[in-house]
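Chemist: Let's have the full structure, built from the sequences with the hints guiding it.
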Amino acid sequence: MGLLSSTGTLLGKELLTEFRSRELLTTTVVFILVVLILFSFAINPTSEESREFGPGLLWLAILFAASLMLQPCFLREQANDTLSSLRLAVSDPFAIFLAKLLANTLFLLLTEILMLPLFAAFYNVPVLPQFRYLLLVLFLGSLGVSIAGTALSAISAQARMRELLLPLLLLPLLTPVLVVSATVSVSLLDREPVVQWKGIGFLAIFDFIFLTALWLFGEYLLEE
Amino acid sequence: MGKRIVFGVAAVLLVVAAAYANFFVAPTERTMGLIQRIFYFHAATAWAGETTFFVCFVANLLYIWKRNPKYDWLGVTCAEVGLVCITVVLITGPIWAHPVWGIWWTWDARLTSTFVLWLLYISYLLLRSLIEEPDRRALLSALFGVFAFLDVPLVFFSIRWWRTQHPAPVIMGGSGSGLDPTMNKVFFFNVLVMHIFAAFLIVERYVVEKMKNDVELLQREAEAQ
Numbered sequence: 001m002g003l004l005s006s007t008g009t010l011l012g013k014e015l016l017t018e019f020r021s022r023e024l025l026t027t028t029v030v031f032i033l034v035v036l037i038l039f040s041f042a043i044n045p046t047s048e049e050s051r052e053f054g055p056g057l058l059w060l061a062i063l064f065a066a067s068l069m070l071q072p073c074f075l076r077e078q079a080n081d082t083l084s085s086l087r088l089a090v091s092d093p094f095a096i097f098l099a100k101l102l103a104n105t106l107f108l109l110l111t112e113i114l115m116l117p118l119f120a121a122f123y124n125v126p127v128l129p130q131f132r133y134l135l136l137v138l139f140l141g142s143l144g145v146s147i148a149g150t151a152l153s154a155i156s157a158q159a160r161m162r163e164l165l166l167p168l169l170l171l172p173l174l175t176p177v178l179v180v181s182a183t184v185s186v187s188l189l190d191r192e193p194v195v196q197w198k199g200i201g202f203l204a205i206f207d208f209i210f211l212t213a214l215w216l217f218g219e220y221l222l223e224e
Numbered sequence: 001m002g003k004r005i006v007f008g009v010a011a012v013l014l015v016v017a018a019a020y021a022n023f024f025v026a027p028t029e030r031t032m033g034l035i036q037r038i039f040y041f042h043a044a045t046a047w048a049g050e051t052t053f054f055v056c057f058v059a060n061l062l063y064i065w066k067r068n069p070k071y072d073w074l075g076v077t078c079a080e081v082g083l084v085c086i087t088v089v090l091i092t093g094p095i096w097a098h099p100v101w102g103i104w105w106t107w108d109a110r111l112t113s114t115f116v117l118w119l120l121y122i123s124y125l126l127l128r129s130l131i132e133e134p135d136r137r138a139l140l141s142a143l144f145g146v147f148a149f150l151d152v153p154l155v156f157f158s159i160r161w162w163r164t165q166h167p168a169p170v171i172m173g174g175s176g177s178g179l180d181p182t183m184n185k186v187f188f189f190n191v192l193v194m195h196i197f198a199a200f201l202i203v204e205r206y207v208v209e210k211m212k213n214d215v216e217l218l219q220r221e222a223e224a225q
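As they're listed, the protein sequences go chains V and A. Numbering-wise, this note's numbering puts 61 at position 61 of the first sequence, and it's gapless, one number per residue. Numbering-wise, this note's numbering puts 157 at position 157 of the second sequence, and it's gapless, one number per residue.
A couple of the hints might just be wrong.
Listed next, the in silico SDA-like pairs over lysine to any residue satisfying Cα-Cα at most 25 Å (straight line) [stated by the list, open to error]:
1. V:198 with A:107
2. A:66 with V:222
3. A:3 with A:16
Since the hints were made in silico from the structure, they are not lab data. Values in this document were obtained by computation on a predicted structure and should not be read as measured data.
Modeler: Okay, structure coming up:
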């Protein structure tokens, strides 16, 4: 099986597993919602402040949610002892990562799209005018989070205290994604919106670098 | 053993000489005054720390490639020594910044990326402490080390381009930058000394790591019998 067809099959498996239970999606949506509401209680922003800080808080909530959502990614395989059969089934172990990170990106993006209307209402920030660009930033950001997160969840799954370890490894590594996505989103949701192409390009470069690293080193992450 | 003692004594004497040069040889800076003298030590330690982390990155790559435990020992050694250097940098920085800028800390690119670098290597050591099996610990931490090192330039540029007080680069900066010739000599002497001192720490720590490994092996042999 080639890389693409194995990735497709595995992606189908990931999606099927998730949509049977919808556990990850439900919990992530509720989690982001709780965090957004708590942020609002914590800082009680005015309308101007919401525009300025809202997108950053949204990204922070996404990052926290992702560090929880990515936990079961490899843990599930470990609990069911299916990782070695997965490795035997595909010729290129990169397909396992590719399928998992695509599924994770999809889940993240889906939760974000579900959250956006609520975010717009709670923080009084209209998101529709710049929706296309916002979606692009959400996609590139979530892809970056998923690439780094999938790689690190393969690491943390093999350690003790894994639930605590993943956020500790992942969140500092995602500093660039947070800085850039938040800044680009703030300028998109400004009263006079600006599309920061440089930032969008930077996110694409982040994704590319970590995807290449995962492609080069992924097979070692799955070594028994 | 004898060589290590000589190296250690030489490294410490060099640090003393560097301190003497910082306080008595370098001229007093015109606007900042005496506090500027911490710069030699601060920036030189930062350079030494960055070199050490680079060696850590190379050791991590070599471990993934060759699977020789020696590279793993070198990796953890360099991560720890680098962390010590960067901790010194993060402490001496604010001591200088408070009188000169009037604040202890600012979220500037170099400060922030140094801080994130520090956090990443703390995570690296934390990860090591949470995996029992030596080969797995070595491989997984080496992989994390590679990802962490790749992240550092990204952190730096993301903050430089999108979050904008650290003084602009003085050494190898653009035109108009540059140090007084004596200051320059003192600075590069400090850079050399801090690299030698870091190398001394690396050698000592490496020996400890090797011993730790020997003890683990012996313990396992004893348990098997």
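Chemist: If a hint holds in the structure, say so; if it does not, say that too.
Modeler: Structure-based check of all given hints:
1. V:198 with A:107: Answer holds: residue 198 (chain V) to residue 107 (chain A) is near 21 Å, not above 25 Å.
2. A:66 with V:222: Holds, because 17 Å separates the two Cα atoms, which is no more than 25 Å.
3. A:3 with A:16: Distance of about 20 Å is within 25 Å: holds.
Every hint, counting from the list given before, is met by this structure.
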